[in-house]
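So you can see what is in the structure, the chains are spelled out below.
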Amino acid sequence: MAALAMLRTLRNRSFTSFSPLRLPIRSALSRFISTLVVAEHDGGSIKPSSLSAVEAAAAISRENSISVLLGGSGPDIGKAALQAASSHPLISQVLVADADIFLHPLAETWAELVHLVQQKGGYSHIITASNSFGKNILPRAAALLDVSPVTDITEISEPHLFVRPIYAGNALCTVRYVGKDPCMMTIRSPSFPMHSESAEPKSEAAPISQVDLSTFNEEFFGKSRWLKLASQDTERPDLGNARVVVTGGRGLKSAENFKLLEKLAEKLGAAVGATRAAVDAGFVPNDLQVGQTGKIVAPELYMAFGVSGAIQHLAGMRDSKVIVAINKDADAPIFQVADYGLVADLFDVIPELIEKLPEKK
Amino acid sequence: MKILVAVKRVIDYAVKVRVKPDKSGVETSNVKMSMNPFCEIALEEALRIRESGAAKEVVAVTVGPAQCADTLRTALAMGADRAVHVDAGAAPVLPLSVAKILRALVQVEQPGLLILGKQAIDDDCNQTGQMVAGLLKWPQGTFASKVVLDKEKQVATVEREVDGGLETLCLDLPAVITTDLRLNQPRYATLPNIMKAKSKVIKKVTPEELNVEIKSDLEVVQVTEPPKRKAGVIVSSVDELIDKLKNEGRVL
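Chains as they are written, first to last, in the working numbering: chain A, 1 to 361; chain B, 1001 to 1252.
Since the hints were derived computationally from the structure, they do not count as laboratory data. Honestly, I wouldn't trust all of these hints.
Below, simulated BS3-like cross-link-like pairs (lysine-lysine); rule was C-alpha separation at most 27 Å, straight line [what the hints assert, rightly or not]:
no.	chain 1	residue 1	chain 2	residue 2
1	A	LYS228	B	LYS1137
2	B	LYS1244	A	LYS328
3	A	LYS180	B	LYS1244
4	A	LYS263	B	LYS1137
5	A	LYS223	B	LYS1244
6	A	LYS223	B	LYS1151
Part of the chain A face toward chain B, derived, beta carbon under 7 Å [what the hints assert, rightly or not]:
no.	residue
7	LEU103
8	ALA107
9	LYS120
10	ARG140
11	LEU144
12	LEU145
13	SER148
14	GLU204
15	PRO351
Output of the computed footprint for chain B on chain A, the stretches with three or more beta carbons under 8 Å from beta carbons of chain B [to be verified]:
no.	region
16	66-77
17	83-89
18	150-161
Every residue, glycine too, gets a C-beta built ideally from N, C-alpha and C.
Full structure from sequences and hints, please.
Put into structure tokens, the structure is as follows:
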């Protein structure tokens, strides 16, 4: 209850701080903001991309009461729910859909779940991360609710005003949602990094409740069946959240040579990325692809080896803090976005870097 | 079985787009337009399924202004049997409305499979396929890198590109599939086929005839250029690079 009281004072404070000019516009558009975050968990903990979605929810408004929706079954979901309950001060409740049908992220069941939870909760916003899970289920759920979703948001200016990249990141589009509730969106995780204060566990955890599935519409299930997931087991940090990313392109010439890049990544504690050319040539699996159609990353340091810098690749990494390019071709477009460029043979540079780089902390 | 393929006309993928000075959008006049690359892959997949004998007819569909007929001609030249052009005028149509138009067409055409690209490279939405599947209550196989059709059992096994690797699903037909880049290598239209395509039929309909209201619950406020990165430097050696990263960039 103490948390609720705190929330109320916070809400009152932010109300009085509104300029009189903005108040009527806001109150007309959004009466009360309550957000549903559709979250993913893995092995009992919330995925970092879902925590970014919570940050984005907090960015919509400081007077937001956030509900986190988790689905699955077994002991893992209980652990994940406990973590979610104390992961951010604005989280007011955790909803758990405990059933075997949510074990796998099938769009058919998850979209119906979001629909059901929305009908009961009447949220003003529904958010999920813009990853393969969010992109798959959220538009389907939006169609069931007859609203247009906004995907891949990089900035939230007002509760219904967002910025999203279009044309492979070569233009930024500011859009206003003017439809009925809920406003549905997916966010780019790198644009909403976790704040340190919200990483600290809050003193009072939010209540956890079970979603009542008795009215769940199962009429159309069973039309799709999950068979298997062939995952690439790797010790490396997750590409989407890594602090350092080293990427190889066609210039690496073979899968064997990618091992060299992996050695460098190990030394830097970095994740390994790749261009489409490297994936198509079979050097690495496709889930390492960085770009418009692959993963979007924004690490502190991005090192591109033998990458020419096609529009579609730049789309996935142009927001990195520091970009380093190593390429034999001095005219490669990658040098136009690089902070530091080195025109040299990567087969000379990588071993030298491995030798000379300081050990990771 | 009939396969319906949705295609979109977009600015060619190799063009460097220019934002209009009045911030109303991106310059599209006098710019090379092509079929969206993911739609080409969707069409190629449909053609391969027809060639394998699992489907009888491939119908290409597009929603947009008069010029979109060119994109449908390309689809016909690649091998589509016929085409439907939903002329929605010049104003942009949101994925939700496109999905409703496609649902209406599905109800007319009764296909066993609807294939779309996973996203259009202009709006980068990645929504339409999922939305039409939701509206139809059909199962969906998004970001497909492999599709195997079992005609007897009326199921499609779809391998999907997901974050952690590859996921395999089995979908009952009819279903919606959206294509990822690695599904196939689209063919080129040969000159004889381009000539033949001229005699194929493009049927024109309007959204009103399909009883679909074009809804726009999203307003574009402005379109701007992304912030420019400050000019970088070319270093001469690995030592200099490490030094810069340590002392200037402070990332090591």
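Comparing the hints with the structure gives:
1. For the given pair, A/LYS228 sits about 23 Å from B/LYS1137 by alpha-carbon distance, which is consistent with the 27 Å threshold.
2. With a C-alpha separation of about 20 Å, the suggested pairing of B/LYS1244 with A/LYS328 holds against the 27 Å cut-off.
3. Between A/LYS180 and B/LYS1244, the direct Cα distance comes to roughly 51 Å. Violation of the 27 Å bound is thereby established for this hinted pair.
4. Of the supplied pair hints, the one linking A/LYS263 and B/LYS1137 is violated, its CA atoms being roughly 48 Å apart against a limit of 27 Å.
5. For the suggested pair A/LYS223 and B/LYS1244, the alpha carbons sit about 56 Å apart, so the restraint of at most 27 Å is broken.
6. The hinted pair formed by A/LYS223 and B/LYS1151 meets the criterion: a straight-line CA distance of about 16 Å does not exceed 27 Å.
7. Taking 7 Å as the C-beta contact cut-off toward chain B, the hint placing A/LEU103 at the interface is violated, the least distance being around 13 Å.
8. Residue-level restraint check for A/ALA107 holds (minimum Cβ-Cβ distance to chain B is 5 Å; threshold 7 Å).
9. Given the 7 Å rule on beta carbons, the hint for A/LYS120 is violated: about 19 Å separates it from the nearest Cβ of chain B.
10. Restraint check, A/ARG140 versus chain B: the minimum CB separation of about 4 Å is within 7 Å; hint holds.
11. Given hint, A/LEU144 at the interface with chain B, holds; its Cβ is 5 Å from that chain's nearest Cβ, closer than 7 Å.
12. Look at A/LEU145: its Cβ only gets to about 9 Å from chain B, farther than 7 Å, so that hint breaks.
13. With a cut of 7 Å, the hint placing A/SER148 at the interface with chain B holds, because the nearest CB-to-CB distance is about 5 Å.
14. Taking 7 Å as the C-beta cut-off, the interface hint given for A/GLU204 is violated, the closest approach to chain B being about 33 Å.
15. With a least beta-carbon distance of about 10 Å to chain B, the hint placing A/PRO351 at the interface is violated under the 7 Å criterion.
16. With 0 residues having a Cβ less than 8 Å from any Cβ of chain B, the region 66-77 of chain A misses the three-residue criterion, and the hint is violated.
17. Check on the region 83-89 of chain A: 0 of its residues sit with their Cβ under 8 Å from a Cβ of chain B, so the three-residue criterion for coverage is violated.
18. Only when three residues or more bring their CB closer than 8 Å to a CB of chain B does the claim for the region 150-161 of chain A stand; here the count is 4, and the claim holds.
The earlier numbered hints that this structure contradicts are 3, 4, 5, 7, 9, 12, 14, 15, 16 and 17.
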